[in-house]
Amino acid sequence: MPFCSLDFGLHFDPQQVARVLDFFATFILVCSLLVLATERRHVHVRIYALQSLSLAAVAFSVAFFNCERHIFIATALIFISKVIVIPVLLGRLMTRLIPQQPVKPMINIPSSLLFAAVLVLIADYLTRNILSAGHEFELARSVLTDSVGVVLLGLLIMIARKKALTQIIGFLTMENGLFLTGIAITAGMPLIVELGVLFDVLVAAFLMGVLLYRISETFDSIDVEKLTKLKE
Amino acid sequence: MDLKILGMNVLVALSQLVLFLLVAPLVTGWARRVKAFMQNRRGPSLWQPYFNLTKQLRKEVVVSENTSWIFRFTPYIVFTATLAIGLLIPIYTSFVPLGFIGDVIAIIYLLALARFFMALAGLDAASAFGGLGSSREMSLAAIIEPAMILAIFTVAVTAGSTSLSTIAEKMSDKLNGWDLLAPSHLFAFIGLFIVALAETGRIPVDNPATHLELTMIHEAMILEYSGRYLALIEWAASMKLLLFLTLLANIFFPWGIAASEQPTFDGVALGLGIYLLKILILTTLVAFVECTTAKLRLFRVPDLLTVSFVLSLIALVLYFILGGGASHALL
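Protein chains in written order, with our numbering: chain A, 1 to 232; chain B, 233 to 563.
I should point out that these hints are in silico values taken from the structure, not numbers from a laboratory.
From a predicted model like this one, the values you see are computed outputs, not experimental measurements.
Be aware that a few hints might be false.
[What the hints assert, rightly or not] If you want the footprint, here are the derived chain A segments under chain B, 3+ residues with CB under 8 Å:
| # | stretch |
| --- | --- |
| 1 | 23-30 |
| 2 | 33-39 |
| 3 | 108-116 |
C-beta atoms are modelled at their ideal positions from N, C-alpha and C, and glycine is treated no differently.
Isolated chain B, as found in the complex (with noise of 0.2 Å):
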């Protein structure tokens, strides 16, 4: 490989290092903003997660005596889960910091695991509101992840590949810059929609405002965390969301992605630009809908969520049957 690509591509991962990190806060700041500005309240400062976070990191951690190893390993693992998916995705180029590791279907694992310690972590504090959290996100992941590898899997089959890399590369192609409307895609970006509703515990599914309610999911497992793990698993929440913003823009609106062949500065910072306007789109949409929608009761979710998995599975189905038509153009 060219010494001056692999500098680029080095520089790369190190700015989407920093960016995931950092932009992440940001996102969810902007969806507290847009809600409290539809609510027609005046809302908290776009910076607060900074300070909640920097404050947290500087307090004091205390830990239930009844706890194990797992309570004090789970933030860690979180995070560091979650950083990883971030660099095993493109986000402004399509070069894929970790691509040598795994694909998508490593992702989808990475997931599970932050979310098997999570379950773990809830219950090890033996608190009542720590295992009912757990049983909950456990019950409804089996409809979660089902729908959510039957929704990129979509994407995959279109690409011909499992790679992100490749996906974002051939959907960004200028000669295929209609696939927006294969409509294999509409049925899959629905579906993965509604996963990332459910997965970042959004409005419909789980309230991500408040740890008063008896429908809290995510909430009721870290209830028992403080101090710098709290920050942890916060800032891991955070970065979900911007990694399933990340999934959505970059797999069914892939323009502007600076190919990884020949990367040029002016394109990766029209590629960075587009990347946040995207996302900027994106988690506006995410604000209206928790604002438009009324949170359903938790025997209802399980609804909603077979809504996203039977979509995913028409889209999937779709594309095997219209394999001529709008997709079969891509291969």
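In isolation and in its complexed conformation, chain A is listed as follows (with noise of 0.2 Å):
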């Protein structure tokens, strides 16, 4: 089925195919930002769903427009492991968890935003020396900048949320930065490292998941901090 833009003939001017880019990859930054925006954890799940949907946005207007075809591949596993399979996990894993009282973040949410700001900007000043360098594939000049932001981000949502659910979220926003990187870099990297990355991922979110569930059993809330609290 993967049919790319030159089967159909067509040639896209590449600063337009770059803004389609940049625009993905900025939804994926803003969804990053709502993750931190909010304490709900069914909408984290669906943020990250739509995050993911993105990425496999970003994979395929890469494979298509790039014509690299194996990214057809790419995409469609990250459509069918994190906008499905990993939303549906951890939904049902939620059913499962006992119910508690709210938690309250490390850091509160108007100063994490801006904490998140901050770090756009330190993503900002990171790339900014590589992308005046110019690199050889230079799909998209902010898709560097939005994934190093997706990235730290990510770290930034593990470190200010203590419930070990948003911790998980956290964990997958920043895979997802981190192969919206290797996408953007270097047009795809082969075929078997997408694979492994996508089957950890898959097995790490399971992991999480039972350790969660096992947490959540054991100390009757998902409180990490309570995690350093001995117990008989």
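Using the hints, put the two chains back together into the complex; each one sits in its own frame.
Shown next, in the form of structure tokens:
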């Protein structure tokens, strides 16, 4: 089924293609910010699914416009694993978790958002030199900045939130950011690498889900602060 | 200036005035209709806001004897300020009737003027609810206004002008029809959308359908009003909704706006049609958001507004960061 733009004899202006990529990459960054902006866990999972859908759209655009056919397979895998399997898995996990008192985040929402804005600036600072040097696959200028930003935001989510489930979302967000970097810079890593990474994430999500369930069973809470306390 | 163009512009200005006044209640009615539909209710007629207005305009005014002149002046000030903003924005042609008075900064200050008098009037009658509404309104405004200014400035720096007429023209330029995809605009759009929800008192922030909640903001301030004063304030409120939807539509999706240099009848008619379609879609979107989100606790509202502020801030910063890339092609 994979058809790319050249099969249809279409030639797109690289600048327009870059805009499409920029748009989806920015949307991924917006999604990571929104995870920080809300406390409700089922919203987190939905935002993650939306973010992954956007990542799949980036992968598809790279495959379609640049005729990197093997990325179609990666697109399909991203779609199945990250848009469907992991959100459904986390959604089912949530119904089994013990209802609990709201956990106050380490850093409250307004200040973590301001931190996030600073992190986006840092991402820009980090990538500016690379971008000004010019790299071979300049698919889209801002994709690299966006993806470093997403990785940093994922890290912030893991640090600033105490709930284990949100920390899993933070981890998955970081991973999305790394994947975006990979696609944006190299126009697709070899298929075997992508397969490996995807299965890693899938297995990691499974394992963390099981672990989360155990934590919730044992401690009656998924507040990771409580893990530091000894318990009989 | 050519006499024909001048005549056309006068015509456009007058029609914009009439359209803005008359369509505004319809937009409110449509939003209520969509909400009713999504909640499996039949809902009031689409024309209900007009019935309300005509009835209130005919009714007697009751004013508390403890109030001062501010209470009686405020409805007129709010109404006129909102109407003036309606003539400061391009609606279906890029010609702005009051363009010689001011640009987007004037709009922000006119909004602030209306808000200031509204808050004073809320305090004036010395009722507990009024004071509560006013203090809430002002404290939220402290976050709403910067967010709104940053979001609009993002678009303004992209177009290189704070004149909404120039912004609309540059954005609807055929060559740069892809502007929607400029990354900073995505941030700015979401930021301004949240601002619009907050400014027009829609559900995550305030509930427009009730004045029996302790969390109300706008309704608390106007609780003392009756008769034609209430009509003017409600009319202004629906114009404000239309105003923000128009800002969203014409700043971020300015396709189909007729250029003011050579306005043709066809171009203006097309612009009007597309404009109404955009407003229809955006109103439906607002109603959809209202139906699918729960109202925030008042102390959580600043969280939402901070999201809007940070998104707008990042939007502006992204423009300068990615000065190359997508946004650069505009200049």
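>> Please list, smallest to largest, the hint numbers that this structure does not respect.
In response: Hint check: nothing fails, all pass.
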